[in-house]
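**Student:** This is what each chain is made of:
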Amino acid sequence: MSMVLQLFSGWSLIRAFTVLVYLFMFLPVAVVVLLAFNANQFGSFPMEGLSLRWFVALWHNDAIVRAFKTSVLLGSLTAVVSTTIGVMASLALVRFDFRGKGLITTAMIAPILVPEVVLAVALLLFLRWLEMPKSFPLLLLGHVIFTLPFVVLIVQARLVAVRREYEEAAMSLGANAFHTFREVTLPLIMPAVFAGVIFAFTISFDDVTGTLFWKPGGVETVPTQIFAMLRNSISPEINALGAVMVVITVAVPLIGAALARRMAAALK
Amino acid sequence: MSANDADAPGARPWLLMSPALAAVTLLLVVPVCFIVVYSFWLRTAAGGEQVGFFLDNWAEVLTDAFYRDILIQTLRIAAISTVLCILLGYVPAYFIARSTTRHKAVLILLLMLPFWISYIIRTMSWINILGVSGALNVFLLWTGIISEPLQILYNEGTVILGLVHFLLPFMILNIYVSLDGIDPNLTDAARSLGCTAWQAFREVTLPLSVPGLAAGSLLCFVLGAGTYITPMILGGPRDAMFANLVFEAIITQLNWPLGSALSLALLAVLGAVVMLYTRYAGINQLAKSFR
Chain D
423 MSMVLQLFSG WSLIRAFTVL VYLFMFLPVA VVVLLAFNAN QFGSFPMEGL
473 SLRWFVALWH NDAIVRAFKT SVLLGSLTAV VSTTIGVMAS LALVRFDFRG
523 KGLITTAMIA PILVPEVVLA VALLLFLRWL EMPKSFPLLL LGHVIFTLPF
573 VVLIVQARLV AVRREYEEAA MSLGANAFHT FREVTLPLIM PAVFAGVIFA
623 FTISFDDVTG TLFWKPGGVE TVPTQIFAML RNSISPEINA LGAVMVVITV
673 AVPLIGAALA RRMAAALK
Chain R
30 MSANDADAPG ARPWLLMSPA LAAVTLLLVV PVCFIVVYSF WLRTAAGGEQ
80 VGFFLDNWAE VLTDAFYRDI LIQTLRIAAI STVLCILLGY VPAYFIARST
130 TRHKAVLILL LMLPFWISYI IRTMSWINIL GVSGALNVFL LWTGIISEPL
180 QILYNEGTVI LGLVHFLLPF MILNIYVSLD GIDPNLTDAA RSLGCTAWQA
230 FREVTLPLSV PGLAAGSLLC FVLGAGTYIT PMILGGPRDA MFANLVFEAI
280 ITQLNWPLGS ALSLALLAVL GAVVMLYTRY AGINQLAKSF R
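Chains as they are written, first to last, in my numbering: chain D, 423 to 690; chain R, 30 to 320.
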């Protein structure tokens, strides 16, 4: 009896500790969202009531709206390019045997293993040497290269689980390779493709480490805009922008996950 | 097309891979080789670069005590953050893995959330809490415990705090993946053979979760040691990390040869850590968290 009691209390300690760690992870972000609604003129504690004034201020801040548009465009293009070439590469790596496969698999994951700063410096200086100035396409290329490994890892993992027999059946019924991919393989790996798109979008949308190196003068994404604003002081507008970012970057994957689950369910 | 495929099945994987392979080659491999060459060039007083083979940048990076001290500081900060992540992360990972309630899915979902919440927002959120007019100071002033706001921010401690906050989900996720793969029968067997719960944990569960611990530690250490944003937001002027030096050299001073040498030095140090890890664990463990 006492041992059961002891076990029980051990488990509740573990649970209490877990709750505390989760609070540590989320409380600061919750504070940002809370302060975004602060009516107080300086946006700090103590709160003096709720207000939407900082969101209105955001809406009228041209620099922020521009940064927002840049980020959405960049994130979307990154997601499309990265997922397309990532899916193609995963197909090659999972469905075919060829020499040097191990090396190439490692090469595809390499952008995660190289510190982002080093990647940023290398790409920047190389393109400078080619006499290409900092530009939006450079930013896009940079974002593609460090989102690519995530897409490849996710799609590969799913592709391994899709049995080859389905594809072989389609082939034996006369479908060509592209047809088989479009009608059989793609629907089966769709949840992973979708996850890849979302991963690539959010990583790009969030990135600041590489972006600060690559962005041309005058172009800001949302994170670099926040970074620039932090230089002055923490203004309530930053908290409001933070709240918007949190909502977007949390809502997009959540909606995505729900859709993916529905897709997966439809397949069964 | 299909007849063609039958003739040359060997070409198709390369065709499929070519865009991604070209991207990795042109945007990663070639540029990294390029900065190796660049690091031997010399920055002239006029602001241009002198092409050649000069060891000056490397001599400066390898012998200057300033760089050495910051490298040691960087490794220390990354190591402390990693250890704190282990200490804070193991128990929640264990709780999620062993919990049988319906909260399990929610806990895992919540664990993924921080990955989606902007790094810069999570970092700057601490200013709202620890800053001069942050929640903590306002609370302490209100209770009367202090009469002047405390200067808690902008030191090495807050840099570590920011890093732990950023890296903890990586650690918990990796440990969880490892713990979740352990057959519960193993601990049951240990218990039925007379182990106490603690012994069963120490002798069975803990050793079996080492791969996850190692993968999580590698990620935390490498990501932590490579950052320059956290020290810029939460650190003071003396809390620069090695990546800040790179940023300084490239963006502020426009000294690209020196910046190349500095970033290669960082790559070498962190590369050695990754090598050490793959030697003992294998890179596949890292891929497991994506399944």
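These are computed hints drawn from the structure, not numbers from a lab.
Where is the CB? At the ideal position from N, CA and C, for every residue including glycine.
The reader is advised that the hints may include incorrect statements.
[To be verified] Covered stretches of chain R, going by a simulated chain D footprint (3 or more residues, C-beta under 8 Å):
1) 96-108
2) 117-125
3) 193-205
4) 232-242
5) 248-260
6) 291-298
[Stated by the list, open to error] Computed spacing ranges between beta-carbons, pair by pair:
7) R/Ala75 to D/Gly471: 43 to 51 Å
8) D/Glu470 to R/Glu78: 24 to 32 Å
9) R/Gln282 to D/Trp433: 29 to 37 Å
10) R/Leu305 to D/Glu605: 45 to 53 Å
11) D/Phe558 to R/Thr281: 40 to 48 Å
12) R/Arg267 to D/Arg684: 23 to 31 Å
**Student:** Against each hint, give a clear statement of whether it holds in the structure.
**Tutor:** Hint by hint, here is what the structure shows:
no.: 1; hint: 96-108; verdict: violated (count 0)
no.: 2; hint: 117-125; verdict: holds (count 7)
no.: 3; hint: 193-205; verdict: holds (count 4)
no.: 4; hint: 232-242; verdict: violated (count 0)
no.: 5; hint: 248-260; verdict: holds (count 6)
no.: 6; hint: 291-298; verdict: holds (count 4)
no.: 7; hint: R/Ala75 to D/Gly471: 43 to 51 Å; verdict: violated (59 Å)
no.: 8; hint: D/Glu470 to R/Glu78: 24 to 32 Å; verdict: violated (56 Å)
no.: 9; hint: R/Gln282 to D/Trp433: 29 to 37 Å; verdict: violated (56 Å)
no.: 10; hint: R/Leu305 to D/Glu605: 45 to 53 Å; verdict: holds (46 Å)
no.: 11; hint: D/Phe558 to R/Thr281: 40 to 48 Å; verdict: violated (23 Å)
no.: 12; hint: R/Arg267 to D/Arg684: 23 to 31 Å; verdict: violated (53 Å)
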